[in-house]
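Okay, here's what each chain looks like letter by letter:
Number of protein chains: 2
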Amino acid sequence: MQLTGQQLIGKHIVTAKGEPIQAVNPATGETLVPTYPAGGEAEVNKACGLAESAFDIYRETTLKDRANFLESIASEIESLGDELIKRCMAETGLPRARLEGERGRTCGQMRLFAEVVRSGQWLDVRLDPALPDRIPVPRVDLRQRHIAIGPVAVFGASNFPLAFSVAGGDTAAALAAGCPVVVKAHSAHPGTSEIVGRAVQSAVAKSNMPEGVFSLLFGSGDVVGKALVADSRIKAVGFTGSRTGGTALLTIAQSRPQPIPVYAEMSSLNPVFLLPEALKARYNELAEGFVLSLNMGAGQFCTNPGLIVAEKGVALDAFITAASHEVEKCVSQTMLTPTIHRAYQNSVEALSNSDKVRKASNGQLSKGPCQCQTTLFVVSMADFMSDKALQTEVFGASSMVIECIDFPEVESFAIQLEGQLTATLQMDDGDLETARNLLPILERKAGRILVNNWPTGVEVCHSMVHGGPYPATSDSRSTSVGSAAIQRFLRPVCYQNLPQELLPQALRDDNPLGVGRLLDGERE
Amino acid sequence: MQLTGQQLIGKHIVTAKGEPIQAVNPATGETLVPTYPAGGEAEVNKACGLAESAFDIYRETTLKDRANFLESIASEIESLGDELIKRCMAETGLPRARLEGERGRTCGQMRLFAEVVRSGQWLDVRLDPALPDRIPVPRVDLRQRHIAIGPVAVFGASNFPLAFSVAGGDTAAALAAGCPVVVKAHSAHPGTSEIVGRAVQSAVAKSNMPEGVFSLLFGSGDVVGKALVADSRIKAVGFTGSRTGGTALLTIAQSRPQPIPVYAEMSSLNPVFLLPEALKARYNELAEGFVLSLNMGAGQFCTNPGLIVAEKGVALDAFITAASHEVEKCVSQTMLTPTIHRAYQNSVEALSNSDKVRKASNGQLSKGPCQCQTTLFVVSMADFMSDKALQTEVFGASSMVIECIDFPEVESFAIQLEGQLTATLQMDDGDLETARNLLPILERKAGRILVNNWPTGVEVCHSMVHGGPYPATSDSRSTSVGSAAIQRFLRPVCYQNLPQELLPQALRDDNPLGVGRLLDGERE
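Chains A and B, in that order, are what the protein sequence lines are.
Under UniProt numbering, the first residue of the first sequence is numbered 1, with each subsequent residue one higher.
Under UniProt numbering, the first residue of the second sequence is numbered 1, with each subsequent residue one higher.
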């Protein structure tokens, strides 16, 4: 595929005139062709106009046609072959195996959402038939289904150039719900975005979907991002990125004449609690597991274990020694972008210079640009809680052991935590009561609770919650990973006393879609 | 019951020291004893502290115990007997039959939510069992349930002194979800609020619930309301009232260090579209039905039909004549408060003085304070759309006929509408195609669509959506009436690889609660 650096607006290819965006190979520092002249308000306007025109048609496509369309996107991405992987490697510094896995996940989640669409459970059909003889007043016929909320703006994430970017989880969930999508490509991987965007364009055409169902814009957050979220035709926003970025979008969305929901996945420290018995019995094994998780993808995961929390003492010292040993074996990895690398270095330097923090160990540093040197710090619970700067997520392979004086201090730490994507317990049988006391605290802090696992590696399934209280996300009532993500882009509509001919198919007496329904509150 | 004018905080009765609130009988103008000294930050702090202490216990009460508690609230309210009705009549000017009906609805919705709690469907249990042999990577055991979001602040509404006040829909939904509730009483009916509040207090004690599960505060929106929504222990807000009030709460909630969801039901014009065939065939019958709905409860319903939209011509003229005739027969009714009455008078006067608007008719005006004189206006679609002031909800029995030049103008009107709670089609068989074209437009504007019914009268059932796009509500993804309202106060949590002993009951292999579950995406 010849990359052209143009905006993909509906079925059109549009040359924009803004300041050019150019990808940099973080492993070599070389810039990559082509350049992507940034779009502006004109491009946003055109994409949103097409999305609006497509909406009423697209949201009423049959379950089968829509599911086939999602599957067609997956097939188109797969048929891109190695070109996609190579470009993505060059733009992100991520290794082949990881990107091949991520491509599998991306196509897998499109197919999962296709299944979800087909099942029709997301329609949440409810029927309360008329009760003409009810005393004191009769009941009229009432039926409910969920409909798509409207065109959705999706922001590509830097750290998942495939699975949370152009055809990633947010796009899949929105398309599944019946919402046209306008994607703002992440400027770190424009080539990857264009390649995937063209695959989606091709699936739109082959599936006979209205062209406005998908557009891909290149441009800055300040211009294209803001204009997209402010556009009256956009009815929801999906975003994965920094707390600063997410809250900026929230502010725009809330200041609109018609405010809209923003699903921003922003920041998380992902505390891991080492419970006493497990720590005593398995500090070596825990240290190995921890550093493996910490180091995965140069720590550039939302669920990276950024905090280890335990009672201080001999066992924790042994864990720190073992973990330090593991960290020292780590070879540095290329980070996603020079900017991310610079931020990582600055954060690690600030922690190293802090009076309150002790550096336990660091990994090896290879030559070359953008190298992430794994680093482990130790800090007391009291010092950590006294300093807001220490509580900020460090994006990269840096983690901090929180030493607590006793177990009540561990509980107090949990209580004081901000919202998190995950919270993990490492425990043995003897820790059961301790875990039982921590669990209710952690349920209120995190979207996902793990036992004897590590938080990196997010399964795309029906039970997954990749979400959590603020500031982990801007909306704790939802998940951005897994099939329940479709619910973010739906709203309920009630139909009162409609004749059969006027009812949506899902609500008709003869149930032509064959979907599961709630009849008078009971599953049919 | 001796009313004391005190705050009900947990099981305590607290004398506050703020400026006293005193109810006025709107029908007579007389003030009613006792006075209610306003609470302040100390009372908010105490109520929120108790709610926080109660939360972890209450949210894990058994489905049975919690359901019984809700039913006990209903029984306690019923056992108040006529005292409640009499005080409520005096404070609101609403007639006995209406309030007896509303009491039935209030207790009915408590009992509906008790059934909802027992069924456990709201837990939305999902299980994705481990797949240890999956290629390329195994899947670990993942399970999801929903948990209560946290203590909820509920604002009593003026227009439903029972069904959307102290023990109203928001309180019922929040308690059902497992959330302690702190209610701010509406200052128009403090005595009614105290009576109901004491019934809830009694149910809390008899059901052995933790006392903090319910508190009732009296005070101003500016002090108690703001402090409640700003309190870090409050995790969601339920509100029914004005657009100004709702957006003020939204702003506070969004400015918190941890923003929280606000479910504000704010304003709606509830357009009724008279389709050509129905209008031609049934203008008399439509006029009668319309004025009956308009006049119900002196028009003080969120779903009051504030707009009639139709193509101008002989049939619409005949409708206006017939409706005017009906309006002229209307005897004025007492409005809820002097403030609401003043606002109604000002709005009607402004409309009467507008160059763009023609007054078609008004009802009879009885002597006495706070009388709502039913009024019908007529305006052209172009004039209506050109003047924002005309588009504001008039709270009371005033409605406006929108004359459109032709049917495309009716459609254009629908497209330009803001978000609504309801949209209604009056149609005959010959209008089917016209209705079919309007329906997708209206689905995007309203939470409930009616055919050949009138929007007043909101059934409390599983299919009901009392919600809609902004400014009808602040969150179109939810309903404030009906069993689905429970979802507003829940959030999902995923449990990864937890031992059976640590799993919440709902998620255990042996399913001790017997709740419906989603196993690998399929209903068990």
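It is possible that some hints are incorrect.
Below, computed lysine to aspartate or glutamate pairings styled on DMTMM-like, alpha-carbon distance capped at 25 Å [to be verified]:
id	chain 1	residue 1	chain 2	residue 2
1	B	Lys-312	B	Glu-328
2	A	Lys-445	B	Glu-522
3	A	Lys-445	B	Asp-56
4	B	Lys-46	B	Glu-211
5	A	Lys-445	B	Glu-60
6	A	Lys-359	A	Glu-285
7	B	Lys-445	A	Asp-56
8	A	Lys-64	B	Glu-418
9	A	Lys-280	B	Glu-501
10	A	Lys-206	A	Glu-83
11	A	Lys-64	A	Glu-211
12	B	Lys-359	B	Glu-288
13	A	Lys-359	A	Glu-311
14	A	Lys-312	A	Glu-211
15	B	Lys-445	B	Glu-393
16	B	Lys-64	A	Asp-520
17	A	Lys-445	B	Asp-133
18	B	Lys-46	A	Glu-418
19	B	Lys-445	A	Asp-383
20	B	Lys-388	B	Glu-349
21	A	Lys-280	A	Glu-52
22	A	Lys-64	B	Asp-56
23	B	Lys-445	A	Glu-311
24	A	Lys-46	B	Glu-418
25	B	Lys-64	A	Asp-56
Keep in mind the hints are simulated off the structure, nothing from the lab.
Requested in this report: Could you grab the alpha-carbon distance between Lys-445 (chain A) and Asp-56 (chain B) and see if it respects the 25 Å cut-off?
Outcome: Since the Cα atoms of Lys-445 (chain A) and Asp-56 (chain B) sit roughly 13 Å apart, the hinted pair holds (cutoff 25 Å).
**Report entry** Pair hint Lys-445 (chain B) and Asp-383 (chain A), alpha-carbon separation not exceeding 25 Å
**Finding:** violated (52 Å)
Query raised in the report: Between Lys-388 (chain B) and Glu-349 (chain B), does the CA-CA distance stay at or below 25 Å?
Result: holds (16 Å)
Query - Given pair status - Asp-56 (chain B), Lys-64 (chain A), alpha carbons within 25 Å - result: It is violated: about 44 Å lies between the C-alpha atoms, which goes past 25 Å.
Report task. Mind checking the alpha carbons of Lys-445 (chain B) and Glu-393 (chain B) for me, to see if they're no more than 25 Å apart? Result -> holds (16 Å)
Report task. Below or equal to 25 Å on CA atoms is what counts here, so check Lys-312 (chain B) against Glu-328 (chain B). Result -> holds (22 Å)
Query raised in the report: Lys-445 (chain A) and Glu-60 (chain B): Cα distance at most 25 Å?
Result: Answer holds: Lys-445 (chain A) to Glu-60 (chain B) is near 16 Å, not above 25 Å.
Query raised in the report: Quick one, are Lys-359 (chain B) and Glu-288 (chain B) close enough, alpha carbons at most 25 Å?
Result: Cα-Cα ~18 Å, so holds.
Query raised in the report: Within a Cα-Cα threshold of 25 Å, do Lys-359 (chain A) and Glu-285 (chain A) meet the stated pairing?
Result: Holds - the C-alpha atoms of Glu-285 (chain A) and Lys-359 (chain A) are around 21 Å apart, at most 25 Å.
**Report entry** 25 Å limit on alpha-carbon distance, applied to hinted pair Lys-64 (chain A) and Glu-418 (chain B)
**Finding:** violated (33 Å)
Query raised in the report: Between Lys-312 (chain A) and Glu-211 (chain A), does the CA-CA distance stay at or below 25 Å?
Result: violated (60 Å)
Query raised in the report: Keeping to a limit of 25 Å between CA atoms, is the pair of Lys-46 (chain B) and Glu-211 (chain B) held or broken?
Result: Holds: Lys-46 (chain B) and Glu-211 (chain B) sit about 12 Å apart, inside 25 Å.
In this structure, the earlier hints numbered 2, 8, 14, 17, 19, 21, 22, 23 and 25 are contradicted, and the remaining ones agree with it.
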